[in-house]
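Novice: The primary structure of each chain is shown beneath.
There are 2 protein chains.
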Amino acid sequence: MAKEITTRGENYSQWYNDLVIKADLAENSAVRGSMVIKPYGYAIWEKMQAALDKMFKDTGHVNAYFPLFIPKSFFSKEAKHVEGFAKECAVVTHYRLKNAEDGSGIVVDETAKLEEELIVRPTSETIIWNTYKNWIHSYRDLPLLVNQWANVVRWEMRTRLFLRTAEFLWQEGHTAHATKEEAQEEALRMLDVYVDFAENFLAIPVIKGDKTENERFAGAENTYTFEALMQDGKALQTGTSHFLGQNFAKAFDVTYTSKEGKEEYVWATSWGVTTRMIGALIMSHSDDNGLVLPPKIAPTHVVIVPIYKNPEQLEQISLKANEIKKQLEAKGLTVKYDNRDTHKPGWKFAEYELKGIPVRLAIGPRDLENGTIEVARRDTLEKSVQEINSIADHVVGLLDAIQQNIFNKALKFREANTHKTDSWDEFKEILANKGGFVLAHWDGTTETELKIKEETKATIRCIPFGSVPEDGKCIFSGKPSKQRVLFAVAY
Amino acid sequence: MAKEITTRGENYSQWYNDLVIKADLAENSAVRGSMVIKPYGYAIWEKMQAALDKMFKDTGHVNAYFPLFIPKSFFSKEAKHVEGFAKECAVVTHYRLKNAEDGSGIVVDETAKLEEELIVRPTSETIIWNTYKNWIHSYRDLPLLVNQWANVVRWEMRTRLFLRTAEFLWQEGHTAHATKEEAQEEALRMLDVYVDFAENFLAIPVIKGDKTENERFAGAENTYTFEALMQDGKALQTGTSHFLGQNFAKAFDVTYTSKEGKEEYVWATSWGVTTRMIGALIMSHSDDNGLVLPPKIAPTHVVIVPIYKNPEQLEQISLKANEIKKQLEAKGLTVKYDNRDTHKPGWKFAEYELKGIPVRLAIGPRDLENGTIEVARRDTLEKSVQEINSIADHVVGLLDAIQQNIFNKALKFREANTHKTDSWDEFKEILANKGGFVLAHWDGTTETELKIKEETKATIRCIPFGSVPEDGKCIFSGKPSKQRVLFAVAY
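Sequence order for the protein chains is A and B. Under the working numbering, the residues of the first sequence are numbered 8 to 498, in order. Under the working numbering, the residues of the second sequence are numbered 8 to 498, in order.
One thing to keep in mind: the hints can contain errors.
Note that identical chains are pooled: a pair holds if it fits in a single copy or bridges any two copies.
[To be verified] Using 25 Å as the maximum straight-line C-alpha spacing, the simulated BS3-like pairs for lysine-lysine come out as follows:
no.	residue 1	residue 2
1	K61	K303
2	K64	K355
3	K61	K460
4	K351	K64
5	K84	K64
6	K187	K390
7	K140	K327
8	K338	K61
9	K343	K327
10	K266	K351
11	K64	K54
These aren't lab readings, by the way, just hints derived from the structure by calculation. Keep in mind that this is a model prediction, so the values were computed, not measured.
Here chain A stands alone, though its shape is the one from the complex:
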């Protein structure tokens, strides 16, 4: 192996960290809780951004950019919002440094203190709704469908690369509507866009539903979520879409004149996904050899490795390899030909397994004679020998099959790890020993929800959409319940 990683069986958490570091995705920085996203990790983010940005634009949204800093007073305007974010924010208090008078270095210049402190945005509802006040006057100005790609800061105490960092990258959609119905439709439309992206690009099957009141976004009337199950049986919330009602419109006094000439408050949504998705991607599909990337999100689809004993052989192989590279590129694929003479083929094989390149082609002198080529797929590690003449078509078909297989495998895993129980003992036993999703009855109160969390660490991930109404008794309190909800221990 090029670089050893801990196996999942030994220590899942260490396996994840090893993988992130050794596959060159990200690393911790000198700033507590902030990561450096390395070029390979960032290339995955760029693929995610490109696919999502297109989906946002196809559904009528435009991008804009709002300030990084939010005046402190803005936070006070929406009561729940400030409660949710005040405890974890970076505060700018000064705007100048100076040389210390005792020559000991540079210090904050106390004469350059801000009159009002600025908060580094943890999310932008407040600054955006303060701006929308001037953009919205009439029903003709609605709907306003805006998205922002940005960095945000939440002062998390316990951080993990991609999953929970003080600074992260994300997109945040902020839309304004004339009616409640339109805003609710928008929040659900964007949830569906996310689900489509998660399942068809990331190959991660997700369960969508409502968050309970306790798990809602600070300032939302309703939060829609989509939840995925990781290989260690823990859930991961991949993104959320919020119906904000008129809360922010009222906090920032944003009204519009309706067709009928009446002054009304505007209805709002917001929705976001973050670099956390890279963590979800890793934990859903990867194995003890390294990353497994779905082809639709892999920065490089195919790597070609030459097998040779002398420069003459390499020269001949390179001719053929470059020809194949061109054929594949003509099909819209990204291809790397690794002809470095500083590393052996075995080292390269391990390296590209670690990096999760979906398809590896190997070609040697014997192949040239026979008109064949060795094809290895990353997801199953299966190898086969193919005709060199039809290799481009073969690879295109194989990439589709890999994308589908990765999704199917994750779906199968989720199905095998989704339990239904009506017994509190079994509920505890599943969560303690097996993990996974547990569908159980709940009495609908925050009190019970919190007690269950206290005893099992499990939270209600969502109240799944479209589940069949079913009379039952709350798993914890025994009180009547009309529907099962989805429990899990979560990241």
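For chain A, the structure is supplied; the task is to place chain B on it using the hints.
Specialist: Only chain B this time, still in chain A's reference frame:
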């Protein structure tokens, strides 16, 4: 007119502000010195990003992301760097807010004070070179060709939309090389990429050259610049590329083992362009009717406006208009068909002139009968009647002509406003009354440079590349000089 703007003749500065606001490009935010980039302004930035990002990748660069925050102590490590940036930076001192005990609102929680203050990045050399220390060990790790798209903050006291804002968006390239020659080549290569972009995408002719020592980036051994002339005769620095020598490698102790087994300090470059380019774009080409956008950077290339008296006419026109739209889109163009019945054609014409859409097509019932269509080009405001059957080809050719014409016009303006003088009185007279670039002799000292600035407000924009050596006397001191340098009053 849809929205009145001040003319350039009346008040150039007011014209600029009016245009930015009324064409919906950007506006001031509630945060002092920070702007909101509105969707139309951001769409222009996205076009710039896409073109530049491709050029960076074509020259072998990859993107990554480094932390927003920089520990204060990092700044002290490169002496000139801290001197250049300490006076204008936002400082994070706390990480929590709380409810005031007297119930007056939320206040900074003094118990959550950071041990070491964090600076919101004004530029990322320090945090990046601190990271590179762990990435670079051997000559095999070089060159390292990394770019970052990010927001940065410099606490400017006097701000103007796009031209000078406390927060702005930019890209910053940071490369590491084994030799001085390679690093110098890289700095010049990226300068050429920028010049290519400025001239062939933004249609802004630029003069490239060295900055004087006094105008260099804080921490650079050499700064290369490209300078453009705005319509009011002031210069605008559009971007810079720096050869950083071994300054940051030494400050952060970044060494590599050479092929010969020797431990050597790494050589560096950095280079960046910002949302300021949008300001340059506006001030180079726009007129009293609004924006003039070069087709290669215009978010929308063509707008089609129907001219009709009743719904039946609109229906017929729409059939044809949508057909034309498809034909144009098949040629890779972005087209808007504005069939809103809430606004008259005259209003729409003025609106799209204001927004700088390069080509406007108008089509009415008479056109349908005659197989014709009216074509208006934004740059010259000329109208012509064209055959409807060949309109797609006509528009493609016209867009090329517009791109070229906008560049030629700006070049002609610059040539007409570039003066050469050997007389101090004339030098002052030109700068006071005409403005523009002035090529004059300079004795090479910072002392003279600063005195000239004091008396005329003009700075040395650059020492142009490839200028013919010429013996002369410094315009100010009369001391001997070997070359003319480029003076102007600058933004």
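Novice: Now tell me if each hint is right for this structure.
Specialist: Hints, one by one, checked against the model:
For the homomeric pair K61 and K303, the shortest alpha-carbon distances inside one copy (14 Å) and between copies (20 Å) are both at most 25 Å. For a Cα distance limit of 25 Å, the shortest separation of K64 from K355 across copies, 24 Å, qualifies, whereas the shortest one inside one copy, 39 Å, does not. For a Cα distance limit of 25 Å, the shortest separation of K61 from K460 qualifies neither inside one copy, at 39 Å, nor across copies, at 49 Å. Within a single copy, K351 and K64 get their C-alpha atoms no closer than 45 Å, and across copies no closer than 27 Å, so neither meets the 25 Å cut-off.
For the identical chains of this complex, K84 and K64 are neighbours neither inside a copy (31 Å) nor across copies (44 Å), given an alpha-carbon limit of 25 Å. Neither within a single protomer nor between protomers do K187 and K390 lie at most 25 Å apart by alpha-carbon distance, with minima of 55 Å and 46 Å respectively. Within a single copy, K140 and K327 get their C-alpha atoms no closer than 62 Å, and across copies no closer than 39 Å, so neither meets the 25 Å cut-off. For a Cα distance limit of 25 Å, the shortest separation of K338 from K61 qualifies both inside one copy, at 20 Å, and across copies, at 19 Å.
Taking the shortest alpha-carbon separations for K343 and K327, only the intra-copy value of 14 Å comes in at or below 25 Å, while the best inter-copy value is 46 Å. Taking CA atoms no more than 25 Å apart as the test, K266 paired with K351 passes between copies only; the shortest distance there is 20 Å, against 72 Å inside one copy. Within a single copy, K64 and K54 get their C-alpha atoms as close as 16 Å, and across copies as close as 15 Å, so both meet the 25 Å cut-off.
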